[in-house]
Structure formats: structure tokens, C-alpha cells
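There are 2 protein chains.
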Amino acid sequence: MAISPTQAAAVLDRVDADLDAAVTRLFELVAIKSISTDPAYAADCARAAGWLVDDLRTIGFDARTVATQGHPMVVGHQAGPPEAPHVLFYGHYDVQPVDPLGLWERPPFEPALVSAADGTTVMTGRGTSDDKGQLMTFVEACRAWRRETGALPLSVTILFEGEEESGSPSLGPFLDQYGDELKADLALVCDTGMWDRRTPAITTGLRGLVGEEVVIHAASRDLHSGMYGSAAANPIHVLAAVLADLHGSDGAVTLPGFYDGVAEVPDDILAMWRGLGFSEKDFLGEVGLSVPAGEKGRSVLEQIWARPTAEVNGISGGYTGDGFKTVIPAQARAKVSFRLVGRQNPDLVRESFREFVKARLPADCRAEFHMHGGSPAISLDPDMPQLRQAAAALEAEWGRPAALIAMGGSIPIVGDFQARLGMNSLLIGFGLDDDNIHSPNEKYDLASFHKGMRSWARVIAALAG
Amino acid sequence: MAISPTQAAAVLDRVDADLDAAVTRLFELVAIKSISTDPAYAADCARAAGWLVDDLRTIGFDARTVATQGHPMVVGHQAGPPEAPHVLFYGHYDVQPVDPLGLWERPPFEPALVSAADGTTVMTGRGTSDDKGQLMTFVEACRAWRRETGALPLSVTILFEGEEESGSPSLGPFLDQYGDELKADLALVCDTGMWDRRTPAITTGLRGLVGEEVVIHAASRDLHSGMYGSAAANPIHVLAAVLADLHGSDGAVTLPGFYDGVAEVPDDILAMWRGLGFSEKDFLGEVGLSVPAGEKGRSVLEQIWARPTAEVNGISGGYTGDGFKTVIPAQARAKVSFRLVGRQNPDLVRESFREFVKARLPADCRAEFHMHGGSPAISLDPDMPQLRQAAAALEAEWGRPAALIAMGGSIPIVGDFQARLGMNSLLIGFGLDDDNIHSPNEKYDLASFHKGMRSWARVIAALAG
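Residue numbers (our numbering), protein chains in the order written: chain D, 4 to 468; chain C, 4 to 468.
Any copy will do: because identical chains look the same in the list, a pair fits if it lies in one copy or spans two.
Under the rule of at most 35 Å between Cα atoms (straight-line distance), these lysine-lysine pairs were calculated in the DSBU-like manner:
no., residue 1, residue 2
1, Lys284, Lys361
2, Lys454, Lys36
3, Lys454, Lys284
Think of the hints as simulated: they come from the structure by calculation, not from any bench.
Here chain D stands alone, though its shape is the one from the complex (with noise of 0.2 Å):
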């Protein structure tokens, strides 16, 4: 479908004219708690995707959410022009948890738009970047060309997920039941970052991940450290001499076979990173560090983009509270994750975990496993025609050229659409580093969204052709 300037641009201002009502829009859907990974919260993640729906419905969106064991999904279709490409749009609606709470500026939930000290307006509140504000970019899009046209100008099939947040266990599944439905020519998807304020980028890499919950269990009940002390098996201990051990002084994991499948960068890659100005000083002293803490002899942006991680993300046990208690618990336990690279295989990488746990239990201590999701890492293809027609769109919007960027986390689902439905995504977000996403005082900056809206709104006309 040929697409005139003209009509482009009447697109674009109805954008324009469409933003405070948008914004309302977007703060409805943040107001709503959906954090997936706390049961508590299961009521508030089916409203969001309620929410969802019904909005989808206003601009001719065939909606519905679809229930899985967890959270349901949510599941749009809009015809294009019989001759026009048919592209499947993701994002998620679940968010990560708030705590600590206590470090929050202003109520997570409770979003509002601020002036940050540098001028720049921003958008406050658990979800406003990760992943709520993000997705309401295509949804707002796909408004403007609807209201503006009366039609969009491709087919548009939308899958928004509500367990992003917590290793996606429904979506394999899903995926295998209603993969006839979902498939199309192109995945697109809104939960990466620009490369900085100024400057777009499509993500071509992403690293897998896999998550383990390890529980060490020794006595059978909480001791007295005064009588059992030395003599009891501490599960504290057994935990930290496991955890110590996951590291080599070189900083790297020490697993055995993780580093199986991982290749070394070429070397006209790393040089095109060099070119991209990343300053390591800036990254790191922006959060208050001044060294890069991984792999010895390996540069900031290749530890994060391209080179493997074993990180533990939380741990607990015995006596945490206030004040002091002098026990010996009967259990403590870690969470912990990997970031996959190249060809690494996450059941792989699980059981060679799980492996090294049970070699180093000493006698009386048992190790319990919980499975917190796996994917492997994905690469795109750099010459993929639609993602040269994307990157042109996006050069339009920001007058510069869109970086071909790497990113640290993961996407489980881009893999699974390669994998299950055979189908590219195009990776197009308008994130930056000082959102704080996962972390209190998440925020998104309104020309994010504004430029992001205005961002899709050129890409689905030049997929469009």
C-alpha cells in the first residue's frame, strides 16, 4: 500500500494533538499493581490485562485475554490492506516488585509528571518505562493511524504478556497452542533502550538467562547457636562457601562446560563498539562505581553484551529482622541467575549448577532446587530488509542514524519466536540507562514517549511500504 507524505504527516500531528490524552491513558495502566512474580498481586495483573483489552477494542482491535496456569494474556488482531505485511507486536504488562519501598520519591503506583532538575519532563512510577510506557508507544501509534486514516496501514496482530517480570512460564505453552494465530512476517518489540538521550537504536543481540532458586536444608528445625554452635551443620555457611565458589579470581564462572558455545567477539565488532564513545567511567560512576567488577581483561560494554554472568540476586536466611538472634537456621537460601550468550544451552547451564551445589554439600545437608525460568541468546541479522526500512524510519524521527546495539538483558520470548514461529523481531525501544527500571524511581521521559509514539507511528508506515 503506497502511503503519501501527506498522510504520513497528519498521522504525525494527530500524535502531536493526541499527548495529554495519552498520558492520562498510560497513567491509567501504571495505576494498576501488576507485579507477576508476588501471588498477592494476581487480582491486579488480570485487571491490566482487562485494561488492555478495552483499549484495544476502542481503535477495532478484535481483543480478548486468554488465560494460561498464571497470568493471562492478552491477544489482538487488526486487518490491514489484503497486499499488506502482517506484523505481531509484543510487550508485557506485568511489572517488577517496588521494595524498597522506602526509597521511592513518590508512590510507585501513583504516577505523575514531573520536571527533572535538568529540564527534561518526566513520567513517574513502577512501569512507566518497563514496560507499560513502551508498549503504549504501538498502541498509540496504531490509535493515530486509525483515527487519522481509518485503518492501519498493515495487519497488526498484538500479544502482550503478563509474566514477563517472572521467567514467562506460560508463554512456551502459549505459544504452542495459538502459535497458528500469533504468527506473522515480523515480531516487533518495545522493551530495549535508545543507545542515549539523543540517539535511537535497534536491538540486534540479547543474552539468554536462566534462573535457579538454591535451598540449603540441614537440621530440622531452627537451632540455639549456643548449643548446637560448630556442632550443627550451618546452612548459612554451606550457602556462602557454594556461592564463593561460583567465581575464579579472574572473575570468571567456574561452572564446569558454562563457557561451552560461548565465541569470542570478532574483532570488527568490538572496533565498531569502541566507535559508539562509551565512556566506562560514565556507566559505572553514574551508579556509584568506578571499576568494572567481571572478567578481567574484558571491556565494560563485552561483559555486559556479549560475555556470560553468574550473578546472585538475593539471599536469605536465619535471623533478619532488627537486632540480634543467636540461631542456627535450618535452611537458607539464594537466588540466583545466568546471562547466556552465543550458543550456551540453558538446561545445560542448570544442571551443571545444579551439579556443582550438590558437590559441595558436606554431610547432613540436602539442596533444594526451584526452576525460575530459561531462554537462550538471540542474534538478529544486521541486513534483515525490515530492519533497514525501521532504522530509516527512526533516522527520520531523531536526525541521526538508529546504533545497531547489544543489550545485557533478555527477551525470552524474542528467542521463542525464532524458535517456535520461525519469525525475526525487529527489537525498537526508547528506554534509557537512567530510568531506573527494576530499581525505585522508575520513571520515563515524556519525549521518550512522545518521540517513541511518533517513532512507531513512521516504522509501521515504512514496514508498510
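Starting from the known structure of chain D, fit chain C onto it as the hints suggest.
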């Protein structure tokens, strides 16, 4: 003062007749949630102190609370005959926290009389054994003497503390200020255990205690492990490495200078302990363990009575709720305690630990320390005359000689009585190994309570002489 056998027998009868009322009184005290380590229960601690003052006044004590920087002390006096000895009785009205609450079979602050599977009757609830039930055995013995004979056969000063479970921070200053008022010929303490269900015990050795909390700080805020993983220092990793280093492969503590002042136990004492018929298998088996975890080549009794230890009593960092969160936390913390023996110096042990941690901090990390009490080990002269008198009284009540034992736990006040007031202490208690002190489902056998009161009634007579 000569006490006639008839008079002593009448006092014991009075104890028997008053048992039901004594249980009712104890349950009133147990129902008060005097958890000293948690500031949320400060008013409950004050309430427990007030309850004790009121009760002591009903049996002729000139009693009052004395404010401290922390929870109040309870002080009471009652003069005996002019020529009679003067004893100071010490107990503590504060209790341990009750988490994990879900493991309690009955609410911890709703005490009840329950028939156990083996036919014994137990009193359930936090503090029934440690130390409310134990301290009331002495108060009830005084009550029986007073009600039966109109007076006590010796002069008694009472000191009840409200911070024993949280490191006794106010005790030193209090003893400095009120030492003259508190000084007596001998201190009596009821905060220890029987040798077994049928054999009374006098504890002549106690380990000391150093409590430390360490907080490792890294980045200025929680980070997303996808964005920062491996590039940013992870304080959980740093903490795990420090804690894993605390013990060598032989189970010994690795802190420099830690064993200074630790003497080997003399062979004759080791032989006496072997003669006690202690079963390592039963002791460990009762809590689901089978192998001593501590220093290699030493018996369990030696480990818990005569060797110093390092135990991590609590650890926390990052996301510890349900589910998973891929966070690199800004901080991680652990509570670590050291049990001391011989002439180990608590201040030097604390300092050595702090240096040990600091020496292991990588770039960008810092450690913060919080002190939670410190006291040296103490040991009593087994040939002290009052000890022999008390042992005879116990044998008369229980029909078996009292065992002279050491104890793994710490009762800091005994060292303070010795060091600050030049007073020896007799440690006599009626707790049992299965009382679950510091654990869910704490209980005190009704027989411990009843025969404990009778024992004190006899010991009072023996000391009055």
C-alpha cells in the same frame, strides 16, 4: 538462722498447693510480647517489667522499675534475718523473636497446658522456658517461704533484665551506677538447663559472646543484572566470599589471633565429660543431623562447651520474596556471632573480624559494622561452699547428684557480676534440651516448673543454713 525440717517441709507443701495459681501467674507474664530486639515491642517490654514489679510487691518486696537507655530493669529488695546471707537473684523477662511464626503449633503468646505424646504435661509459649518460666520458679519459691513463714530466711535482691536476648547493652552502665545497691554475697541465676530430664545440674562454665552485623555496600542503588551484571560489584558475592573464608577446611575459625587465650581442656575434665553418658548420636539425631560439623577431631561436648565458634546467624540481600527479580542489590548484610572460651578477649575478636572483612573488600565496596554485645567466657570454682550446699539441696529434691556441667550458650551478666561486683554466681536451671528455646514451639515442662520451685525453696534453705 536454723531452719527446722518441719518448716522446710511445710514450705514445699505450700509450693505444691499453690501450683495451679503459679501456672496462672506465669501465663499472664508469658502473654506479654516482650521481644527486646525488635523496637516495635518496647511497650510490651515495659509492661512485662511492670507486671513483675506488681507481683514482687505482693510478696513483700520493695520493688520498682529503673529506666535505662533501652528496656527497664526490675529491682526488688527484701531483708531476711540480720545474720542471714544476702543473695542477688537474676533473670530476664525479655524473649526471643517468634519468626518463623508459621511453624508454631500454637500462638506463641497464648500459653497453654498441653499433654505431650509421652504423657508429660508441658506449658507452651515463647518465654515459658527462656526465661520467664525459669525466673518465676525462684519468685514462687520466695512466695511459698513468705506465705508459709511470714518472711524469707535470707536477704534477697532481685534483678530482672529486659535485654538479655539482644546483647544486654544497658547492663554495664546500669551495674556501674547501681552496683552498691545490687551487691550481695552471691548471685543466683536461673537461665540454664538440667543435665537430663531426671538429673539436676549446676553450670560452672559458660562461653562468652561477640555479636556483629556487617553490611557490604557497593553501587549507590539496586541495579538490573541484565544491564550491569558482571560489570558492577555484587555485594552478595563479596559477603559470601568473606563468610566462606571464616572457617578452614578443618572447621577451625580463620580470624587472625582468634585462638589466643584458648586453652586445651584438661584430660581429667574431658574424662569426666566422657563419663556423663552423653550420646552425640542422640543429641544430633534429635534435630535431624548425624555428623558433628565443627572442628575436626573434637567431641561434640568439647565443641559446644569448651571451643570457640563463629556462626552466621542471619544473612540477607537482594530480592528475597516469592518469584524472581534479576537485581544486583546495593547492599547485603549478615549477622555473625562468636562464642568465646577461656581468656579470649571480646574486643580483640571483634576487631579481628572487622579487619578480616575489610581486607577482603574489592574496589568500590565498603563495609559498615554494627556491634551487638560482647562478653568474655566465665568459669566458676567447683569447690565454692555455696555450690556444695546448693548441690546437696538439688540432690534432696531430685534423688540424684547434681551434674556440674559447662554450657555452650552465653549469659553475659555472670561475667559482669564477677568483674564489676566481685560476686560469684550459682547457675541453676531446669530447662531441657527439647524446650525449643529460640525456636518455634518453645515449651517448659510442668515438672521443670514445679520441681524447679521446690528446688529453689530447698536451695534458699540450704544457703540460709
